Each structure stands twice: as structure tokens, then as C-alpha cells.
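Those protein sequence lines, which keep their order, are chains A and B. Residues in the first sequence are numbered from 21 upward in steps of one, following the numbering used here. Residues in the second sequence are numbered from 975 upward in steps of one, following the numbering used here.
No farther apart than 25 Å at their CA atoms in a straight line, the calculated lysine to any residue pairs in the SDA-like style are these:
hint	chain 1	residue 1	chain 2	residue 2
1	A	K242	A	D140
2	B	K1157	A	R196
3	A	K242	B	G1250
4	A	K260	B	L1286
5	B	K1284	B	D1274
6	A	K204	A	P54
7	A	K242	B	I1109
8	B	K1100	B	A1057
9	B	K1195	B	G1160
10	A	K260	B	G1192
11	A	K247	B	F1276
12	A	K260	B	T1251
13	A	K260	A	G244
14	A	K260	B	K1195
15	A	K49	A	R35
16	A	K37	A	S236
17	B	K1284	B	P1172
18	B	K1247	A	T45
19	A	K120	A	S106
20	B	K1100	A	R35
21	B	K1196	A	E258
22	B	K1157	B	P1214
23	A	K242	B	T1251
24	B	K1247	A	P54
25	A	K120	A	P188
26	B	K1247	B	T1098
27	B	K1157	A	A178
Since the hints were derived computationally from the structure, they do not count as laboratory data. On a predicted model such as this, the values are computed, not experimentally measured, just so you know.
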Amino acid sequence: MVALKRVVDYNVRVRVKSDGSGVETDGVKMSINPFDEIALEEALRIKERGQAEEVIVCSMGSADVQQQLRTGLAMGADRAIHVETSGAIQPLTAARILLKLIEKEQPGIAFLGKQAIDDDCNQTGQMLAALWDRPQATFASKVDIENGTATVKREVDAGLETIAIDLPAVLTSDLRLNEPRFVKLPDIMKAKRKSLDAMAMDELGVEPAAELEAVSFEPPPKRGGGKMVESVDQLVSELKNKGLL
Amino acid sequence: MSRILIIAEHDGTTLNVATAKTLTGARAMGVDDIDVVVFAADPAAVAGQAAELAGVSRVLSVAGADFEHPLAARLAPEVAAIAGDYSHILAPSTTFGKDLLPRAAALMGVNQVSDIMEVIDARTFKRPIYAGNAIVTVRVPEGGPVVATIRTASFAASDGGGSASVEERQPQASDPGHTRFVKVEGSDGEGPDLSSAPIVVSGGRALGSSDNFAIIYGLAKKLGAAVGASRAAVDAGYVPNELQVGQTGKIIAPDLYFAIGISGAIQHLTGIKDAGTIVAINKDAEAPIFEIADLGLVGDLFEIIPELEKAL
Ligand SMILES: Cc1cc2nc3c(=O)[nH]c(=O)nc-3n(C[C@H](O)[C@H](O)[C@H](O)COP(=O)(O)OP(=O)(O)OC[C@H]3O[C@@H](n4cnc5c(N)ncnc54)[C@H](O)[C@@H]3O)c2cc1C
Ligand SMILES: Nc1ncnc2c1ncn2[C@@H]1O[C@H](COP(=O)(O)O)[C@@H](O)[C@H]1O
Chain A
21 MVALKRVVDY NVRVRVKSDG SGVETDGVKM SINPFDEIAL EEALRIKERG
71 QAEEVIVCSM GSADVQQQLR TGLAMGADRA IHVETSGAIQ PLTAARILLK
121 LIEKEQPGIA FLGKQAIDDD CNQTGQMLAA LWDRPQATFA SKVDIENGTA
171 TVKREVDAGL ETIAIDLPAV LTSDLRLNEP RFVKLPDIMK AKRKSLDAMA
221 MDELGVEPAA ELEAVSFEPP PKRGGGKMVE SVDQLVSELK NKGLL
Chain B
975 MSRILIIAEH DGTTLNVATA KTLTGARAMG VDDIDVVVFA ADPAAVAGQA
1025 AELAGVSRVL SVAGADFEHP LAARLAPEVA AIAGDYSHIL APSTTFGKDL
1075 LPRAAALMGV NQVSDIMEVI DARTFKRPIY AGNAIVTVRV PEGGPVVATI
1125 RTASFAASDG GGSASVEERQ PQASDPGHTR FVKVEGSDGE GPDLSSAPIV
1175 VSGGRALGSS DNFAIIYGLA KKLGAAVGAS RAAVDAGYVP NELQVGQTGK
1225 IIAPDLYFAI GISGAIQHLT GIKDAGTIVA INKDAEAPIF EIADLGLVGD
1275 LFEIIPELEK AL
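The shape of chain B in the complex, shown without the other chains:
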């Protein structure tokens, strides 16, 4: 029996593109049957979107008032309860998948494969370790399901055009009550999404203040780009934490990435290894970012950016 189950990530109304990327990873495993499960307070809309993805066989739609916020303690037993029908259980390697899937894997009694970046066969995968300084090929032992998260920067989103059936299912577990959602604070959601934008403009410690960071937002707007940042810029409070790119921030793969006033620490580079073209602007010609940049320009960002905006 070879069947894959993908746990859908969504915000209650829209399917997250990370799910379509996970599907591409799943399709590389050479397994015919791929189901997607949607846990939501009102799953109809999201289930409909999942059913349109090419390559999906069935969508399982599970409604529960206590699914309004994706709490791992609530969802992991649900995942484990339906996992018995599947050889593979997958989720995107986003904070949603990273929080939930290991909890479900432990209930199933297996180790998880984290951050699959390449599929060799249905049980053999490549994944990064040591902040991407090494790639290991791992094989999942027989005798248990493959439980894995998919590194979304490594896979393109699957196309639409599918027409899977949607089956309604009942919740199998109940709310343990010990974990309660309070609130989520995010940026205003203006501009394109950092995780999926084709162009990203990132600023580092060199910006010096949140007021100065406006120059990065200005350039991003002109380019239709999303804004990112180094950890140093986030820690200094120039921008909110969800803009952090890197090992402990977001791993992204835009077509074009601007690293502006960012030195190029290994932990930052881990987040942009799969970018198409990397442009570095830094006043220090020796900055390590130039070793991996496709196009480098040495100079003061406060002079270069206004000039660049004018030239665009």
C-alpha cells in the first residue's frame, strides 16, 4: 500500500501555497494516490482549493469548531488517527508543519525526516544539516510510515486544473483543553508575501534604524518586491521578526534577491541558497556576501539606493 497524505496549511479561508509545494515534493515520490486533509472550523473553501491542485486524488475535509487555530496538541492526534491508511504523511516545513508533524510522528512511533530538499525514491531523501553546510541522504527504515516535512524553497508549486473529490470526515479526538490560542500579531500584510515573492529586497544592520529602513521599503515598492531582513536588523528592532531570512527565519527562493548592507553570515546565506540571482550591495569589498552574490556592487547603500530607484 503506497498512499500519501498531505496536511494542508491554510488561514481558514485560503490554502497556503506551501501546500502546493509540498504536493510537488509528494509527486516526486512516485506514489499514485495523494490525498490532502484539511482541518478547519469551516473547511469547504479551503478543501475546494485543494481539490483543484493537479495530482490530488481526494481531499478529506474535517470540520471542528476547535480547529479554528492550528494547535499542534489538538491536531496531532487527528493526524495520527487517520495516518494508518497511509504510507507517507507530509507537511510543509513551515512553522505550522514543524510544530505539528513531529508531535504526530511521536504518536505514530517513528522519527521524522525534516526539510526534504530532494526526493531520491519513495523512502530516500536529501536534506540539509549544519545550517546547509552539508547535505545528507537518509533512508527511512521499513516497518513504519514515512513522516516528513518538505522544504518549500526546493519545490515549485503544483499547478491547478485538478478536480479531486472532497470527502467529509468526522474529528477522531477531542480538545485536550490545556492549550489555548490567545492572539497572533503580524505585519499589516501589505505588499507581496516574503515566502513566495519573485523579488525580495532585504536590509541588514547597516540600515541603522527603523526610519532608515524606509529606503528598503521604497525600493521594494518600486520593484513590486517583498521586504526581508537579516537577524541583526530584526534584533535591533528595525523590522518585525517575520521578515527575518535565514536558518532561523524564512528559507526563500525568489528569482531575484537583493542583500543590502548584509555581511553574508552563513546563517543568513542558508535562507537564500536557492535564490535565482543574488545582488549584493555593501560598502565593504571584503564582505562574505560577495563570495556568493551573482552581481556585486561596492558602495554606500544610502547613495546607491536612491540612484537605483531613479534608474528603474
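Okay, chain A solo, but in the shape it has when bound:
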């Protein structure tokens, strides 16, 4: 089971609305969160190696997220689940919904992105693993599966850590795990016939968590305009003047 979040495309330079009430998302290009696309690619490869029978993609949000689920189906997922929520949800609620889906679908792996590039929270996978009371392997850059155990290389500050976890488990993908495939036109046609189940969050009996309140939004502080130097000597003397050398 792979969680796909619909987010502002990573190439878009997001702007804060002038009244500070949020960020401008009208008419902006939306995509699958890049980490989630990588998670899906890895799930498809696991299936192609004969180590999984089915790949299910799921997403939570408004009806718009069905676009990203269709893209996931076109990439090769077998079926999709859309859980309709009123408005955006935060990680703990997302994890509670995913847990309900897990209880229904009994996947061997719940694959998420390590972070959504809109809220940059980096929480949902870890929270899901806690609620499910199963292992987590976050920031995965290599996954090998054998006899019910996943051996995962994780990108940590010190370098690459390897852990072994018993399945079922939660994995979250890092960027270097793989390069997602491109979707081909015939696959888009085929994806239209695949099943996409929609249900409301309330139907699942999920209790939403207390949310953090967003008080205001602002653009990041601007760095002061820089200065071009003409030569190495000038660079060195500027740095000496600033007391940096």
C-alpha cells in the first residue's frame, strides 16, 4: 500500500498571499509528492520481482486527489482508494486514516514518502508505524526483501545505516531509492478502467486529531543583495575585511 499526497509541483516557486492567510495555490501545477512517486516506483519493482501480489495507492483529501491516484494507476498500481476529507489534514489524522486502510487491506508494506514537500512535516510514516505497532524504516535508499524481512539502507546524518525489520512494516522513501518511470499514453487509457474506491473519512470511523493552528504565513527573510567581485584577489580582500579569513 502506497500513500500518494497531492502537492504543489516541486518546480513551482510558491508565494505567500499578500494578506498572510496562506500560500497561493490557485492555478498552480499540482503533482504527486516526489517522495511518494519514488515509494510507488519501489512498490512496483517489488511486485515485478514477484515479492508482492498487488500494489494499492491511496490518498486523502478533496476529490482533486483522484487525479494523482489516476497517475499512480497509470504508473502501474492495481487499484486506488480515495479517502475524502473536509480540508487538509495533518500527519496524525493522516496516520489514523492509513491505519484503518491497513486493517482492511492487510498489506505487507505501507510505503510512504519521507516527507510531503508542502508541509515538510516528515511525520506521517513514523506515526503510522507507532499506531500499527510495527517496525519503521525511514529515509530508505535501498530495500531488499527476503523471507519476511526487509533489509533497508537508511540515509542518516552519519552516512548510511542498515537495519533489518520484520514485515509487515512501514517504509518511507528517500530521493536516492530509485528513479520513477515515466507514464506512457496507453497506460493512461488502461488506468481509466482500474478500480478507484472513494469513501469519506467519517465512514472509516476515524477520530481527527487536535490540529496545530496556523496563525499566519509570511515570506522568508530576504538575504541582502550581494556584490560581484572581479578577481580572486578582490574576493580574498573582501573576506579579510569581513574578518572571515
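For this one, chain A is given, so just place chain B with the ligands on it according to the hints.
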């Protein structure tokens, strides 16, 4: 009741400086009691170092053979078990804190505040979203603890000179056994640490090969600097992944940063926003890195670096 608990990050013998930075963030919250908890196979040395940090009230020292490697599945229930005594649970926003704290937060039934960059009051914080393109001020609702990671690049390390008491505690949970540490591979640890070095020299895709990257290491050595890299340089295999600077690499705040042969993609810039002075060297005068650099020099890095080394 207002009390803060900080989860110490360490390698078994030395307290990571990220903990002292987290402490500075904690002290900005206006809460008097700040405790630090150390989970380790043999916590004495690390607990002693934590006790010396100014502003710490107590150090909780929890020994367990299965704490040798910080596995989130093992530690999260321990954190949740002692969390009841605290209004705030904090960890650094390093891969250690990011892996562990959300798991503990879920056990406590609350959302986490990730990457606090500024403290407004004890429950209100600023944090970056959209790769730093926007800053949101969030307030944690009453009725549950504040569980948060601290963006270490935003806070200086707290000073030493403290003398907190150290209390020994027993582990509350047991090893679930389903998660096993195998190994960790890192660079040889030569030269200063990228996360905390005052000077960092980073190279990008322009270096072209790992052999060519030696020129970056050479300059860094001359400057006593740590070496960093763009994701493109890491992906191409010029340097190991732990040198990556940016949204998905390390967020750093050196006094002086050299971006050499790096174009300045937004995801890279996110990692260096808090640097004191940014120097960009790039042969393309239109490269976006020059828009944020304090000092820019247009030219071929393979000519400029040898000249620079000579001039130093
Ligand atoms: C979700 C996501 C997360 C990401 N996270 C990160 C991250 O954490 N960190 C990161 O760095 N990137 C990240 N990226 C990638 C980022 O978008 C860029 O692709 C990357 O930073 C480009 O690296 P670069 O500047 O080295 O390469 P390029 O963009 O190819 O730039 C190379 C530069 O070198 C210059 N050059 C070439 N030859 C010479 C020469 N001889 N002398 C001087 N200059 C020369 C060129 O003019 C050019 O400006 C992420 C991308 C995504 C989608
Ligand atoms: N609304 C959502 N729909 C689908 N997946 C989600 C949603 N929210 C979070 N996720 C998953 O959780 C990961 C981490 O998100 P976050 O904790 O918000 O950074 C994402 O990469 C997704 O895989």
C-alpha cells in the same frame, strides 16, 4: 506544570552539539525546568556532558543494553512513558530526532511541530514550509503536550558551565525485537563536521568526477573547512550522501559558505539560508546562486580554485 524534556542525541560516548542547540531553543520558551534524558548502553559519560550545559535542571540517565543503537521502535515507548511528567518534549531536527519523535508523538496522541526556527511563546512557533519558501506561525492547541523538533541551524549551542544533577532511571519498555541494527557506513570522519563547521566548501555537478572533487577537499583543508556538496554531485557519485546540503540533506549555518559550481536550486538554497556569508563561484553569470550570494565571482572553478589557494 511547565517542564521541558529534551531527548539527547549522542554516539554512545559524546553528546552531539545538536542537543546543546535544542537546549537554546528550549530556553527561549520561557519554561524554568529543562531536563535532558540520555538513553544509552552506558550513559554515564554522555549524561555528565549534558549536566554541564547551562540551563539544564536535571539529567535522566537510562541504561539499557538494547539502547546501543538509537532505534525509534525501541526508544519511542520509553519517551512516551516519561512524557507524562512534561509539558514539552523536544529533540533536534536531525535524522535521529526526525525518526524518533513523531513515533513518540503518535503514542502520546498529538501532532508534532517539525523544525522550529523561532520561538514566539511556549506554544507558538515559526517553522519553514514549502522548502523554506514560506514561514508559518503555528500554535499548539491546549490539552496536550508540545512535541517538537528544533531546527538546529536556527539556534546557537548553549554554553557549558552548568552543574545539573544526574538521576538514574530504569527502562520502562522492552525491545520489540522486530527492528535490528545491522551497521552504519560513514565517511572516515576526517576534517570538521559539516553540521557545525564555521566554514564549509561545497562543490556541485560542475566538478565532473570524484577525482576532480579533490580540488574541493584541497581548498577545504587550506581553510580548515568542512566539505559539502549539492545533490547532483552526490547522485553522480562524486562524494558520499552525508555531504549533501539542502532540503533533503543537511541544513547548515556556517559563518562562511563557498558554493562552487553549484547553480543554486531552491532545494539547495534551503540548506544554507542561515549561512553568514555566501561566496559563489560559477562560470555562468546568470546562475541563480548569484541572487543570494554575498560575494560572487564569475569564472572557471578549475582556474579560480588554484589561484585562491595560492592567495590564502
Ligand atoms: C524533492 C527534491 C529535493 C531536493 N533536495 C536537494 C538537496 O537537499 N540539495 C541539493 O543540492 N539539491 C536538491 N535537489 C536537487 C536540485 O533541484 C538541483 O537539481 C541540484 O541542487 C543541482 O545541483 P548542482 O547545482 O550541483 O548542478 P547544476 O544545476 O547542474 O549546476 C551546475 C553549475 O555549475 C556551473 N559550472 C559548470 N562548469 C563550471 C566550471 N568549470 N566552473 C564554474 N562553474 C561551472 C554551471 O554554470 C551550473 O550553474 C532536490 C530536488 C528535489 C526534486
Ligand atoms: N493527505 C495525504 N494523502 C496521502 N498521503 C499522505 C497524506 N499526508 C501524508 N501522506 C503521506 O505521508 C508522507 C509524509 O508526509 P508528512 O508527514 O506530511 O511530511 C507523504 O510523503 C505521504 O506518503
